[in-house]
Amino acid sequence: MDALTRDQLAIEPARVLTAPDLLVGSSLPGWHAAGGGIGLRRALEDRAGIIGVLERAGLRGLGGAGFPTHRKWEAVAAQPGPEKVVVCNGNEDEPGTFKDRFLLGRTPHQVIEGALIAALAVGARQVVMYVNPHLGSVLPTVAEAVAAWRADPVLLELAAALGGPVTLEARASSGRYIGGEETAVVAWLEGSFPFPRRKPPFPAESGVHGKPTLINNAETLAHVPHILRHGAAWFRSRGRGGAPGTKLFSLSGDVQRPGLYELPMGTPLAELIEEHGGGMLMGRAFKAVFTGGPSNTLLTADHLDVPLDFDSVRARGSRLGTGAMIVVSEGTSIPRRVTEFVEFFAESSCGQCPPCKTGTYQLATLLHRIDSGHGTRADLDSIRQLCGLLPGSGRCGLIDGAVTVVASSLERFGAEYESMLRG
Amino acid sequence: MSAPGPMPPTAIQRTDATAIRWIDATAIRWIDALAACAAAPADPPAPDAPALLRRWHPDAQPNATEPLRVGASAGMRCPPALAALLQANTLIDDVDVAGAAVVETDVLVIGGGGGGCVAALTAVAAGRKVLVVTKFGLGDSNTVMAEGGIQAAVGAEDSLQAHYDDTLAGGQRAGDPTLVRTLVSEGPAAIRWLIGQGMTFDLDESGHNLRRKRAGGTSVPRILSTRDVTGLELMRVLREATLLRPGITVWNRSPAVELLSDAAGRCRGAVIYSLYLHRFVTVRAGAVILTTGGAGRLHINDFPTSNHLGATADGLVLAYRLGATLREVDSFQYHPTGVAWPRALRGQLISEAARSLGAQLRNGRGERFVPELSPRDVVAAAMLREIGEGRGVERDGCVGVLLDTPGLERARPGVLAQSLVSLGHVAHKSGVDPVREPMLVCPTLHYQNGGIAIAADGATGVPGLFCAGEVAGGIHGRNRLMGNALLELVVFGRRAGAAAAGLAQAAGPGGRANLDHVQDWRRALVAAGLPLDARAPLLFPEIANFDLTADRAPHRAPHRAAAVAA
Ligand SMILES: Cc1cc2nc3c(=O)[nH]c(=O)nc-3n(C[C@H](O)[C@H](O)[C@H](O)COP(=O)(O)OP(=O)(O)OC[C@H]3O[C@@H](n4cnc5c(N)ncnc54)[C@H](O)[C@@H]3O)c2cc1C
Ligand SMILES: Cc1cc2nc3c(=O)[nH]c(=O)nc-3n(C[C@H](O)[C@H](O)[C@H](O)COP(=O)(O)O)c2cc1C
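Taken in order, these protein sequences are the chains called A and B.
When the letters of the first sequence are read in order and numbered with the working numbering, they come out as residues 24 to 446.
When the letters of the second sequence are read in order and numbered with the working numbering, they come out as residues 2 to 567.
Bound conformation, chain B alone:
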């Protein structure tokens, strides 16, 4: 039955389509790989995780990172694509906000994903006036795309300690113990809060208990989910609550382009660019919460990404300029199962739920090569090893390994249709019937493990500036477990919302707010010999073809032309 001995790799063309520069190898032809998969595989070998990560994890490659030269975390390493933005000049000048409308609020929330909505709902519940500004529509975010689910130690055989241990170990012990303790301790309350907001979760066979799934790197089943559209359900509920709640104002299509500060360096609001008005608006606030999410659209290390269009690291850029410190910004998560073929869908995510439910990964020889529920960094590194050592699978010039959906369906008939709804959608868009054909998958840039350093109440090093969600760092260490990001945005969104509300009440929206920190920042750039023509935040990735200067045409903003001429 099981074909003994390795299949000889069929000679194959160079793998252009990995598009991952440091991997240059041959691969096994799709049809040969399918043939090799006919036989049932042996159990995968136990990986030597540290060695595997050192050799094959993208973050560990030479030139994957460079040290920052200016700012509060100068010397820290991060990918060159991120460093270029972190060390760029501002998009705007003082004259650009002269005559801009001024709006005052108690709490300003920047970013309308899950973290932003949770923070806004918490701050408004504390009696504060809240303004949420977001780059696209409210909810258009990474949150809405989360499929797998959310972790919280609610099971009888589970414990806060187990969740704590799993999270710290999964993060290679680089996480901040206080933050992790906070995360897991408030997990059950966060779930209760979500249910209170109206979120539904899948129940187990008894129909009384929350259904719990296993996630990579966890010791017990701990993932709560709504089929494989957990983020969609979460965002649906939070978005509705946010829109319906008096006291919260939402501005869509209104990216933040710069933070405001006072003479003491305290964050006092932000400059917003309204894509409706084609104008800047100055928002003065008693406290600001950044919930701008991640950085996938920077395509770090040339990887495709699972992230939405808005994930351009804006929050990191704005906070860093104002003096916030960063941590683990050299560490990104590459989700093992991104679509590798067809090319048009590259990077799109196939949820870990598939592997949680038993789907196996097979290389071009039909072998399983890593326990599928190992931590994500280990699985992704093992996949890159297979590809890099010539055991990858090639289809129409795209290279990856196989996610054995037919095998899963054979083992658990009906599971694809019942529990893997969004996998079905992706397969459908790919023109694949997952019951009959495996999916070609390759690691995809998925999550920013690090971010802005925060305290347990979401406070950054900059007074008046708070963070929550993916933009914050310190919880996941150097690798995040599935389901901990959604939990993080709820737990720390609530904490940041409460802390910001408290501060805003004490401070009020008043006080002088300007762009003085921008001049300090520019002086630092000049002193470090860095160029001043690079501009950030990016706001929109290149494919969006957005040009702030052109969008803000002179006839739409007469005072700029006049002020420059004066």
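Only chain A is shown next, with the shape it has when bound in the complex:
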């Protein structure tokens, strides 16, 4: 997880969101000089066509689930009334993911413009930039960027189009991992502890204070102004093998050059590791990768050829998630990594759902016993049993993620666990 705190960025020709001229920080004139504002202009000119463009572009949610963006927007747009909310989710707190902090800290205007376009598309007059306050200067930078937009006359045009004043604000999130889950976002913005809620109703129907609420990840929104400016076909042509657009990959672990890489969606895993990550550290053998962060199925050497896009990764039984790729080489212990991740989930569980609260704790304790040389076969059996019992028992996806990574590592690296048992 060494790369977690890093803001490294490789220069790649495919860069759309991270092109060097876009890295203007909170300077709005800088953003305009780099072509900013054109997407919003197009959106104002053809409000009704926005969602169609996104549909043709094939943009999907980059906060982890990969849900088609236009469908979420349609759902909110379909709700009656002018009291709707758009929230940009910049809570990012998962081990191994460090993309949103880069976008929001170094080039926040495209994200804000994307959120404004979303407001226009769904008919919302309240726009909230929901940002993790624990990411150094990211929140202050977003606050400055927001202030710059507030002084921009284009907001008046937006108000005219939406039939009333538009509020745009930056809000500190709780900074807790669980606070990024969409219903927890709603709860926090209503002033409560960020407890996830039962779905349905989905935020699109009833979100912040009961208002229909559109919640998108920062990276998802960042693509929107570019799509409106250059068109759906252009966006599709950015990807590879039929997958549309580009994706930010948070590459970490045992590679020579960990860091944030923006590459065409559909770039093969091997290419990410070898060409961009500089290959395995010390030339060691590749053992596995935690795809999409610590809560998905592990991929092993058989899957190095997998194109990194939502559908291809899913076809291999895993998920692209946030695009985090935590690479593990021979010499690094899978059970130790998994133990760390599950300890993280146990600490992050909000405690509302007893199976999650006690289940993550039990899993972490059992794993810790094994990792510290006290584990027995009975402990391993208990872990296996819990992996059968726990899935689906929480109202959000936290417990499922924890179980997925444990079960998958047991399936593929069971021998490594066995070798650590006492006696």
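By construction, these hints were calculated from the structure, which means they are not laboratory data.
It should be emphasised that the depicted structure is a prediction, and the values quoted were computed from it without experimental measurement.
Hints may be right or wrong, so weigh each one.
Below, a sample of chain A positions facing chain B; criterion: calculated Cβ distance under 10 Å [what the hints assert, rightly or not]: (1) 46; (2) 67; (3) 305; (4) 355; (5) 384; (6) 391; (7) 397.
Label-pair ranges, simulated between beta-carbon atoms [to be verified]: (8) 297/A <-> 533/B: 31 to 39 Å; (9) 353/A <-> 248/B: 38 to 46 Å; (10) 550/B <-> 401/A: 29 to 37 Å; (11) 190/B <-> 48/A: 52 to 60 Å; (12) 297/A <-> 551/B: 48 to 56 Å; (13) 353/A <-> 189/B: 56 to 64 Å; (14) 297/A <-> 535/B: 25 to 33 Å; (15) 534/B <-> 438/A: 25 to 33 Å; (16) 398/B <-> 438/A: 57 to 65 Å.
Beyond 10 Å from chain A on every Cβ pair, some chain B residues (computed) [stated by the list, open to error]: (17) 42; (18) 94; (19) 103; (20) 203; (21) 210; (22) 348; (23) 434; (24) 541.
C-beta: ideal position from N, C-alpha, C; glycine also.
Please arrange chain B with the ligands on chain A, whose structure you already have, making use of the hints.
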């Protein structure tokens, strides 16, 4: 009486046995030198110290140092032997600690010499749970070998200012004034603390006051001692206290092989290799104190050393990898009076106490060539000059100059037996009667002047990691005065112990601890084009024939074999 005119140097074979590559000269035969010493010598000339050091000090020789290429102090120079270790790959991998027993403590002290015991006793007194891990048995260290004594400005005619001035000047003004101020200011309290722990010091004739001896480079007599076994007495007391104190656990034969860190780069414990269990043990701690001592066993610049077997720079290696900065690591102290003959005892120390009490150094022509109580670097450089310019003395192929113990005995009858006990032991082992025969001496690698940069509370640049004793740098500048090392380990051992205890109380032993910094370190090595097959820390010098991989045979550690196969 005094034979006028220089004796012609007797033609002599090449000096193979200096073993110091850059000195290649002829020397005067032992018997001729003894004859030349019969006459009383003239006073030595006052040395031109800067010129002498530039030409003859080992650290100043070409190729004595090279710049570091990676790490927090990249660009800083240090001897190649040390650079090779500082820039080496780790001994262990993440899989090696998978399934290793985990032990938790508040404060982990690495190194069981004087500094380690002082730090442990201080931390436990603050209410913390302490674990001391050490490479050999508790007390097997450089501390126990200290002979001369300990400095502290306790005399009526002495002052903290004088101690401060002497220390900074002796260190060529390279020391950190704040650290030096701390050292001298807390000197008297440190002595009081030691006496409170049960240490005895020699008293003067009155029988009421501490006896004070003069040390090289000091303006007033300031050395307190227990005959010439001060370190032994100090270690005896500290070791007993440490072993008896509930709340301190000691693991002998348990070298630290790597530090642990968390995602924020904070030190969180260490991986220990137990020579009893033939296994790794993971120790998680709220704070870690490194007191691993020096680097003499690296035989820098090919010198023999006075140091114990464990002085292999492990602490520097571990801390540097985790991001600590270093200072003055190009500066080592070569003690003037190491045994030069017999060969088997080369490097063993003859205490400065001999010179403090009046013993003189004579070259092969019987001349005194340097005021004997000049700072150590000056005396050692002058000796190397004598040897290098052909005025050294050769005995059975070993070259040095003479320490005139018979002359001392004549001037102060009985002094050898009374006050120079350990000199007597060395002489006895050499088969020499020091009353009748001088000792052949040559500079010996003695002390690491620099080390890990610390603040006044022993904190390094790495949060959670503290240092005390010889492993720390900044106090002695580029040359240490006799007696200041023992004082340092008490003063800064106490400070580091207290600060670490405070931090550990605030932090607790919990938190994630792993080896992430190791991967960062390896990336840096690759990026700098450095080889990855060199491994460090050394743990044991070559002569110990220790091989971690072999010691940790697969049948003793089954999970490694399985994990690698998986
Ligand atoms: C012969 C001799 C005479 C001296 N005389 C004097 C004197 O008269 N006055 C004076 O002030 N100073 C003197 N010094 C210097 C002084 O003794 C030392 O600088 C001082 O004692 C160092 O104390 P320390 O606790 O830092 O290190 P040490 O006493 O050397 O203790 C370090 C300990 O750490 C252990 N260790 C090392 N690596 C590891 C590892 N990886 N894991 C676990 N444990 C490890 C070692 O085995 C050792 O036990 C003398 C030194 C020598 C060698
Ligand atoms: C426990 C948990 C934590 C989450 N944290 C975040 C987060 O930090 N940022 C984020 O964008 N989405 C996070 N999500 C996903 C959100 O619930 C939601 O799917 C996402 O913000 C929708 O945006 P998208 O459609 O643009 O991907 C999290 C989900 C779960 C279950």
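Notebook entry, point to check: In ascending order, which of the hints set out earlier in this document are inconsistent with the structure?
Noted result: Of the numbered hints given earlier, those the structure breaks are 1, 2, 5, 8, 12, 18, 19, listed in rising order.
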